[in-house]
Amino acid sequence: EAGVAQSPRYKIIEKRQSVAFWCNPISGHATLYWYQQILGQGPKLLIQFQNNGVVDDSQLPKDRFSAERLKGVDSTLKIQPAKLEDSAVYLCASSLGYSRGDQETQYFGPGTRLLVL
Amino acid sequence: QKEVEQDPGPLSVPEGAIVSLNCTYSNSAFQYFMWYRQYSRKGPELLMYTYSSGNKEDGRFTAQVDKSSKYISLFIRDSQPSDSATYLCAMDTNTGNQFYFGTGTSLTVIP
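Line by line, the protein sequences are chains A and B. Take the first sequence: its letters are residues 134 to 250, numbered as in my numbering. Take the second sequence: its letters are residues -9 to 101, numbered as in my numbering.
If you're looking for bench data, these hints aren't it; they were derived computationally from the structure. A hint or two may mislead.
Said to hold, decoys possible - The calculated EDC-like cross-link candidates involving lysine to aspartate or glutamate, where the alpha carbons are at most 16 Å apart (straight line), are: (1) Lys177(A) - Glu47(B); (2) Lys60(B) - Glu(-7)(B); (3) Lys177(A) - Glu(-7)(B); (4) Lys144(A) - Asp190(A); (5) Lys195(A) - Asp219(A); (6) Lys57(B) - Glu(-5)(B).
So that you can see chain A by itself, here it is in the shape it has in the complex (with noise of 0.2 Å):
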């Protein structure tokens, strides 16, 4: 069984300028999360996706981050523009379904590491 796909693995830009991270979840996983995990600590929930629809987006710093995933299958988490503070690992996961004990099973990508200077 394949595992999440992320990319780019690394990205390094500039403050203010704009980047996109795409992630294509474990096939027939209804369920996509992106986390974004700063140097030493625990990943913080940004976004989940249920099929095509935001279940939580609370903590989704909106007025620069924005997230999609149209079709219910892969996803894109746009930052614009970044700022220094948004430098850390960008997390992509996916669960089979919305119910107890999927959402406990998340398998999670690689990560997308971002440096903004």
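Got chain A sorted already, so can you dock chain B onto it with the hints?
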């Protein structure tokens, strides 16, 4: 106060030792308790998942939940160098739809 507290370590043990990793939490509504392992430059992978209180064993790994103390533990028996990683605890409520992760404990098992 953070929802989930976890000692970041680092923790260094000799091969074969028993390792104890712990998290405390403040939200009594947490019902689901997970342990994830994260190797350097990789995404986290689920190790153990426990609902409510009690123990769960899987090979060399044992997860314990003490809801009365708001304290969870992960024990690793006969630790191996391949266990060297960061261990993250995560928690969720019955009705919630997001995890609360600890900061992770960095473990090194020395051959």
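Hint-by-hint comparison with the structure:
no.	hint	result
1	Lys177(A) - Glu47(B)	violated (27 Å)
2	Lys60(B) - Glu(-7)(B)	holds (11 Å)
3	Lys177(A) - Glu(-7)(B)	holds (12 Å)
4	Lys144(A) - Asp190(A)	violated (24 Å)
5	Lys195(A) - Asp219(A)	holds (13 Å)
6	Lys57(B) - Glu(-5)(B)	holds (15 Å)
Checked against the numbered hints given earlier, this structure breaks hints 1, 4; the rest are met.
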